[in-house]
Amino acid sequence: MIYLKLFLTFFKIGLFTFGGGYAMLPLIQEETLSNGWMTNTELMNFVAVSESTPGPFAINMATFVGTQTGGILGAVCSTLGVVMPSFIIILIVAKIYEQFKKNKAVKGVMTGLRPAAVGLIASAALSLAITNFFPSGINLDVFKNVGFYISVVVCIVMTVLALKKVHPVKLIVASAVIGIAAGYALNLPLN
Amino acid sequence: MNKDSKIYKIGLLFWTFFKIGAFTFGGGYAMIPLISREVSEKKKWITEDDILDVVAIAESTPGPIAINSATFVGYKVAGFWGAFFSTFGVVLPAFAIITVIAYLLKNFNDYRVVKYAFFGIRAGVLALIIKGLYSMYKQVPKNAVSYIVMGSAFCLVAFLNLPVIYVLIGCAVFGLVTSMIISRRAAK
Numbered sequence: 001m002i003y004l005k006l007f008l009t010f011f012k013i014g015l016f017t018f019g020g021g022y023a024m025l026p027l028i029q030e031e032t033l034s035n036g037w038m039t040n041t042e043l044m045n046f047v048a049v050s051e052s053t054p055g056p057f058a059i060n061m062a063t064f065v066g067t068q069t070g071g072i073l074g075a076v077c078s079t080l081g082v083v084m085p086s087f088i089i090i091l092i093v094a095k096i097y098e099q100f101k102k103n104k105a106v107k108g109v110m111t112g113l114r115p116a117a118v119g120l121i122a123s124a125a126l127s128l129a130i131t132n133f134f135p136s137g138i139n140l141d142v143f144k145n146v147g148f149y150i151s152v153v154v155c156i157v158m159t160v161l162a163l164k165k166v167h168p169v170k171l172i173v174a175s176a177v178i179g180i181a182a183g184y185a186l187n188l189p190l191n
Numbered sequence: 001m002n003k004d005s006k007i008y009k010i011g012l013l014f015w016t017f018f019k020i021g022a023f024t025f026g027g028g029y030a031m032i033p034l035i036s037r038e039v040s041e042k043k044k045w046i047t048e049d050d051i052l053d054v055v056a057i058a059e060s061t062p063g064p065i066a067i068n069s070a071t072f073v074g075y076k077v078a079g080f081w082g083a084f085f086s087t088f089g090v091v092l093p094a095f096a097i098i099t100v101i102a103y104l105l106k107n108f109n110d111y112r113v114v115k116y117a118f119f120g121i122r123a124g125v126l127a128l129i130i131k132g133l134y135s136m137y138k139q140v141p142k143n144a145v146s147y148i149v150m151g152s153a154f155c156l157v158a159f160l161n162l163p164v165i166y167v168l169i170g171c172a173v174f175g176l177v178t179s180m181i182i183s184r185r186a187a188k
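Chains A and B, in that order, give the protein sequences. Read in the working numbering, the first sequence has 150 at position 150, and its numbers run on one by one without any break. Read in the working numbering, the second sequence has 131 at position 131, and its numbers run on one by one without any break.
Be a bit skeptical, because a hint or two may be false.
As the list claims (entries may be wrong) - Pairs of lysine-lysine, DSSO-like flavour, derived with a Cα cap of 30 Å:
#1 B:K138 x B:K106
#2 A:K164 x B:K115
#3 A:K102 x B:K43
#4 A:K12 x B:K6
#5 A:K165 x B:K76
#6 B:K43 x B:K19
#7 A:K104 x B:K9
#8 B:K42 x B:K6
#9 B:K6 x B:K44
#10 B:K43 x A:K95
#11 A:K101 x B:K106
#12 B:K43 x A:K104
#13 A:K101 x B:K9
#14 B:K76 x B:K6
#15 B:K188 x A:K164
#16 B:K76 x A:K102
#17 B:K138 x A:K107
#18 B:K188 x A:K165
#19 A:K12 x B:K19
#20 A:K165 x B:K142
#21 A:K170 x B:K106
#22 B:K42 x A:K95
#23 B:K76 x A:K95
#24 A:K101 x B:K6
#25 A:K144 x A:K12
#26 A:K104 x B:K42
#27 A:K102 x B:K44
#28 A:K165 x B:K42
#29 A:K12 x A:K104
#30 A:K95 x B:K106
#31 A:K101 x B:K115
#32 A:K102 x B:K142
#33 B:K44 x A:K12
#34 A:K170 x B:K19
#35 B:K9 x A:K95
#36 A:K164 x B:K138
#37 A:K170 x B:K115
#38 B:K43 x A:K101
#39 A:K164 x B:K43
Keep in mind that the hints were calculated from the coordinates and are not lab data.
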């Protein structure tokens with residue numbers, strides 16, 4: 001039953017994501033790949049969509065995967081799933097948050113979870129990068145493909161601009177324009 | 001209508017978080033200044049100190065920052081239904097927009113121009129993820145425990161393909177145990 005599966009999967013993702021930004025990426029990647037809901041390429045496309053539309057990454061992601069696999073009802077189930085754990089836990093914590101804030105165990109757990117998130121996102125990023133730069137597996141043929149060089153250059157330039165705090169939406173628009181221009185100019189193969 | 005009545009507050013919470021959800025790009029942390037302005041400065045529902053608590057709690061409980069903050073603020077202002085409608089409000093815009101986009105993507109995905117655009121965009125997105133990774137790295141305390149956890153989490157998932165959740169649980173336990181050992185030593 002796809003609706004229940006969507007709900008439970010996103011419940012699990014909501015329950016095990018700590019912190020903001022891309023903290024959810026490793027779990028989303030693992031679940032969507034193993035369930036065959038999305039490929040790495042689709043995931044990257046959609047991260048871009050998510051960055052250029054308003055709203056939290058988690059909700060965008062849940063709604064998108066839900067819609068793709070189970071239509072509107074699927075989207076409702078996955079979004080409800082990703083929201084539910086936070087909602088319940090915060091209701092509990094809101095009542096006892098003075099104790100919660102000072103709790104040594106919570107602080108201790110966070111000293112492990114914060115750096116873990118960095119390592120896990122790095123791993124997700126590596127896997128996305130491999131898919132992006134070596135679409136047909138890691139082999140030397142890639143160096144004959146002009147698309148590879150364009151991709152590498154775009155990635156390096158955009159990383160520099162991102163670190164200089166250029167707005168993500170501008171970077172995505174610029175990357176799209178370069179992609180279209182290079183694609184038509186060099187008649188890149190479509191895949 | 002009486003401005004102090006609970007129903008009025010709940011309605012306003014929904015509308016406030018709906019606006020926050022509709023106008024913040026990039027999620028969680030980008031919402032905090034908006035929440036602070038709307039809920040604390042303008043409406044004086046909660047204090048600036050509460051906002052700091054919101055961030056601290058949102059970071060150390062599971063779930064997206066946006067949802068955690070909406071639920072927490074809503075609960076503080078108007079109890080359970082406050083929490084419910086704040087969360088509903090912050091989710092709704094993204095839900096509506098993405099449902100439409102998912103439909104569009106399905107229908108325009110095969111156009112050549114769209115394929116080329118996404119070819120460029122994927123390289124740009126990697127850059128955004130690298131940037132996000134770098135900002136998270138900067139916030140992590142620089143000590144032996146952090147480096148060990150970062151390195152092992154990366155290797156365990158990237159090379160050994162261990163499930164992410166097991167690695168998270170392992171890192172949480174490791175963090176808990178080492179911080180207990182360190183504080184016990186400090187006490188001696």
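Right, here's what the structure says about each hint:
With a CA separation close to 38 Å, the supplied pair K138 (chain B) and K106 (chain B) exceeds the 30 Å bound. Proposed proximity of K164 (chain A) and K115 (chain B) is supported: the alpha carbons are some 28 Å apart, at most 30 Å. Restraint check: the Cα-Cα separation between K102 (chain A) and K43 (chain B) comes to about 28 Å, which is no more than 30 Å; the hinted pair holds. For the given pair, K12 (chain A) sits about 33 Å from K6 (chain B) by alpha-carbon distance, which is inconsistent with the 30 Å threshold.
The straight-line distance between the Cα atoms of K165 (chain A) and K76 (chain B) is roughly 34 Å, outside the 30 Å bound, and the hint therefore fails. Straight-line distance between C-alpha atoms of K43 (chain B) and K19 (chain B) comes to about 15 Å, which keeps the hinted pair within the 30 Å bound. Our distance criterion of 30 Å between C-alpha atoms is broken by K104 (chain A) and K9 (chain B), whose separation comes to about 35 Å. Our distance criterion of 30 Å between C-alpha atoms is met by K42 (chain B) and K6 (chain B), whose separation comes to about 18 Å.
For the hint pairing K6 (chain B) with K44 (chain B), the CA-to-CA distance comes to about 15 Å; that is within 30 Å, so the pair holds. Using a Cα cut-off of 30 Å, the hinted pair K43 (chain B) and K95 (chain A) holds, with the two alpha carbons roughly 22 Å apart. At most 30 Å may separate the alpha-carbon atoms for a hinted pair to count; K101 (chain A) and K106 (chain B) exceed this at roughly 45 Å. Only pairs whose Cα atoms come within 30 Å are accepted, and K43 (chain B) paired with K104 (chain A) is rejected, the gap being roughly 34 Å.
Among the hinted pairs, K101 (chain A) with K9 (chain B) is consistent with the structure: their alpha-carbon atoms are about 27 Å apart, no more than 30 Å. Between K76 (chain B) and K6 (chain B) the alpha-carbon distance is near 12 Å, which keeps this suggested pair within the 30 Å criterion. Restraint check for K188 (chain B) and K164 (chain A): the C-alpha separation of about 46 Å exceeds 30 Å, so the hint is violated. Restraint check for K76 (chain B) and K102 (chain A): satisfied, since their Cα atoms lie roughly 19 Å apart, inside the 30 Å limit.
With a C-alpha separation of about 18 Å, the suggested pair K138 (chain B) and K107 (chain A) falls inside the 30 Å cut-off, and the hint holds. A distance of roughly 46 Å separates the Cα atoms of K188 (chain B) and K165 (chain A); the hinted pair therefore is violated under the 30 Å criterion. Distance restraint check for K12 (chain A) and K19 (chain B): the Cα-Cα separation of roughly 28 Å lies within the 30 Å cut-off, and the hinted pair is therefore satisfied. Between K165 (chain A) and K142 (chain B) the alpha-carbon distance is near 23 Å, which keeps this suggested pair within the 30 Å criterion.
Between the alpha carbons of K170 (chain A) and K106 (chain B) the distance comes to roughly 24 Å, so the proposed pair stays at or under 30 Å and holds. Simply put, K42 (chain B) and K95 (chain A) have alpha-carbon atoms about 25 Å apart, close enough for the 30 Å limit, and the pair holds. Between K76 (chain B) and K95 (chain A) the alpha-carbon distance is near 9 Å, which keeps this suggested pair within the 30 Å criterion. For the hint pairing K101 (chain A) with K6 (chain B), the CA-to-CA distance comes to about 28 Å; that is within 30 Å, so the pair holds.
At roughly 42 Å between alpha-carbon atoms, K144 (chain A) and K12 (chain A) are farther apart than 30 Å, so this suggested pair is violated. The straight-line distance between the Cα atoms of K104 (chain A) and K42 (chain B) is roughly 35 Å, outside the 30 Å bound, and the hint therefore fails. At most 30 Å may separate the alpha-carbon atoms for a hinted pair to count; K102 (chain A) and K44 (chain B) meet this at roughly 26 Å. Of the pairs offered as hints, the one joining K165 (chain A) and K42 (chain B) holds, with about 29 Å between alpha carbons and a cut-off of 30 Å not exceeded.
A threshold of 30 Å between alpha carbons decides the hint, and for K12 (chain A) with K104 (chain A) the separation of about 25 Å falls inside it, so the pair holds. With a C-alpha separation of about 44 Å, the suggested pair K95 (chain A) and K106 (chain B) falls outside the 30 Å cut-off, and the hint is violated. Note on K101 (chain A) and K115 (chain B): the hinted pairing is violated, with a Cα-Cα distance of about 48 Å set against a maximum of 30 Å. A threshold of 30 Å between alpha carbons decides the hint, and for K102 (chain A) with K142 (chain B) the separation of about 22 Å falls inside it, so the pair holds.
Restraint check: the Cα-Cα separation between K44 (chain B) and K12 (chain A) comes to about 35 Å, which exceeds 30 Å; the hinted pair is violated. Between K170 (chain A) and K19 (chain B) the alpha-carbon distance is near 22 Å, which keeps this suggested pair within the 30 Å criterion. The suggested pairing of K9 (chain B) with K95 (chain A) holds, with an alpha-carbon distance near 20 Å, which does not exceed 30 Å. This hinted pair checks out: K164 (chain A) and K138 (chain B) have alpha carbons roughly 15 Å apart, not beyond 30 Å.
Taken as a hint, the K170 (chain A) and K115 (chain B) pair is honoured in the structure, with Cα atoms around 19 Å apart against an allowance of 30 Å. Between K43 (chain B) and K101 (chain A) the CA atoms are separated by roughly 25 Å; this keeps the pair inside 30 Å, and the hint holds. At roughly 35 Å between alpha-carbon atoms, K164 (chain A) and K43 (chain B) are farther apart than 30 Å, so this suggested pair is violated.
This entry does not satisfy hints 1, 4, 5, 7, 11, 12, 15, 18, 25, 26, 30, 31, 33, 39, going by the numbered hints stated previously.
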